[in-house]
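Same order as they appear, the protein sequences are chains A and B.
Everything in the first sequence is counted per the numbering used here, starting at 1 for the first residue and increasing by one.
Everything in the second sequence is counted per the numbering used here, starting at 1 for the first residue and increasing by one.
Since the hints were derived computationally from the structure, they do not count as laboratory data.
In this text, a Cβ means the ideal position worked out from N, Cα and C, and glycines have one as well.
Please note: incorrect hints may appear among the correct ones.
Computed from the model, here is a short list of chain B residues facing chain A with C-beta under 7 Å [as the list claims (entries may be wrong)]:
#1 HIS174
#2 ALA187
#3 GLY188
#4 ILE422
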Amino acid sequence: MSTSASAAAPETARGISAIQWLIVFFGLAALLVGINMLIAWRMDVFGILRDAHGRALITSDHERKQKYLLNQGYVPENFNALLIGASASVNWYMSPMAGYRFYNESLEGGDGTEERKLVEQALPTGHFQAAVVVLYPRLTALHLLQDGFDKVKRSEALGSLSLLGVEYDVLHERLTHVKAAASPDGSHAVPVHAPPRPTDKFPVWEDGFGSDAQAREDYRDLLQELAAKGVKIVYVTYPMYEPGYEPNKEKYDQYLAEIRQILPPGPVIDFNAPEYFSFRNDASNYIDDVHLSASGTEKFSQVLREQVATALAAE
Amino acid sequence: MLFASFPYILAFLPCAVIVCILLRQLAGPRAAQIWVLAASIFFYTRAGYFNLVYLALSILGNWLLARAINRAEEPAKKRMLVTALVLNTAYLCVFKYLGFLASLVPFLLPHGFAMPEIPFPLGISFFTVTQIMYLVDCYEGSLSHGSLLDHATFVSFFPYVISGPLGRAKRMRHQFGNFGSVDGARAGNLARGLFQFSMGLFKKAVIADSFARISTFGYNSAKNLSCAEAWFFGIAYVFQIYFDFSGYSDMAIGSARMLGIDIPANFDAPYKAKSIIEFWQRWHISLTSFITTYLFTPILLTIKSRRPFKRDLLFASAFATFLAMGIAGLWHGAAWTFVVWGFLHGLYLGINQYWRRKKMPKIPGLLSWAITFAAMTIAEVFFGASSVKQGAMQVASMFNPHHALMHDNISRMGVEGVSFKIFGVPLLIGAIAAFVGPSSEQLAREFRPTIWNCAYGAALLLVGFLFVNSNIPSPFIYFRF
């Protein structure tokens, strides 16, 4: 008997005919795809398959793609203010603040081009009133679309690794009652990390220092779009760890002066000003020269909310 | 159109198979064959219509040459074969090697002369080689030139036209009567093809592309590699290329089986090999067969009666291997990295032949395997590198004892988007599957329809879909050849 012929006929107790195999295969594949899509629809972790209003949705490992999809429905439905920044602001939380529900659009290793692409998903349907915008050289130093951010499809909400990642985190939170690292306002806790040591050396930043023309243009265009829609813009600078800020101060100040010239006008809250020196000089507030520790975030977010509320009230 | 894409899996392939089966039932096998040829042309032109012109020219030209060879008598017959081989080689060189050859002799070119940029026809390396084999078979009388329809169907057959496996006309043409045949015994082929396709999709979209994340990071972002990291990234590329190409081959063979055609296996668990000779018997088998028959043997026959090889057949054989592998390296691409890769493999094979023939002490199995795998990894580093310098630097790091176990670059991967939480499981499955248990080729060979392999195949397909829909898949490595 030929191989083909033997494949067609059942030979063992568990053997089936080729025709039966094909029927079961397609039936099973359709069933698995169907179950997956049903779960995807029921959980709808990106808020684009069902009504997203009033829901609390989080992100997982594929932060970029997830925030991209969340911005297509969930963010404009549930938030009226945005925090636009990079990795150093991913753990800042702005709520509660009277009248404003902030969504944190910051991305790990994000840049101005990515922020533009992200926020523009929410602008067509959103009614945003305020935006806190971070002034940080990293945001205008490069224009990479990382982690497949340049080709996110809505169909990923029906079955993808991004989807599975969030579904896993949501189920894990529900079953174990252990709070997920990410919050529904787009912020997420950074991993526990030892604070900088007094002996640590912080070099002068190199690598472009915010000089990428494309990223600058994208960041400027994004903010001009927001300003044109009547969104109140408040700029903030990162509170840098003092030993890391000191060697970069001159270049940093020069960068701020330059970037402010091309961005729409708005008040600036400078957390590198002398009045915040004691916060910036406390190593326990940091995990490196720019990223805040959990306790640092707690203290800083409180101050940030107060300062932003004052600035917005004055606008 | 990529095999690991929804347009191919959910639209093109089902349409090609279903219409082929229906046409066979309604109008006979010839109609089914014409349909497959039309589907192949459609598939091929998805990458650009200009491709079809070059493919059509090559098909028509070679068929006319084969017809002339079949009708001629010696010595004109041999002259025609030589002319045909020269023309095919020239055709390949014009598109693939003109710039590379010009870079070798810049002093002969006029000052400021720039080579014209000619679009690279998809799969030219593969369809040229398959037709060289066809011409030689016609010359030797083991094959008639056949009809133009048969030849066009053979060369343009969509499962292998772009990246192989390299089919031989004498093994393929007699099967063309099977197109669309699902009656009785051949129904098993459809199931077997689907099963193998699912395994291939999983290997490519899930495993290879997970390893690609690591190897790409290694080549592009890693700086100052330690010894451990150089091996880590090198091995990641070794796994990537195996699962990428063997996954592609599984999908190609599976697609062909669904249409009723058997095309040759291309891989047989190569990383289980305990010698480099054995490795090449298991790796890209259709290319190995071509190298042995059409490069190594003619070179050996040419040199063995000449000095300095006249008295030492072993030396002649080693030299022929070295040269044939260098040419095979160049066949992969017009770059010195491929030439270095080919010569390294030629060197390994020469040493292996010498070791065997001189009956040197037998190396224990595990050590033999480790040496083979390490040697192959070193060669593969050059294959994936963008320049010989980049490859040489990574290989130098592999033997640098300074901070040998440092892993800063590996730690940095997590921060820069290569998450082990997501890719850890595929990486683990890949590493185990490459070394332990039956290969997908073996599973397909021994396939008998059962509920278990049905569930297994459907699950692989679903996981493959998830990865394809996550925009992770990268292009097949062999597409650029």
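Going down the list of hints, with the structure as the test:
Interface hint status for B/HIS174: violated, as the beta-carbon distance to the closest one in chain A is roughly 15 Å, over 7 Å. Taking 7 Å as the C-beta cut-off, the interface hint given for B/ALA187 holds, the closest approach to chain A being about 4 Å. Using the Cβ-Cβ criterion of 7 Å, the hint placing B/GLY188 at the interface with chain A is satisfied: the shortest such distance is roughly 3 Å. The closest approach between the C-beta of B/ILE422 and any C-beta of chain A is roughly 6 Å, which is under the 7 Å cut-off, so the hint is satisfied.
The structure shown violates just one earlier hint, number 1.
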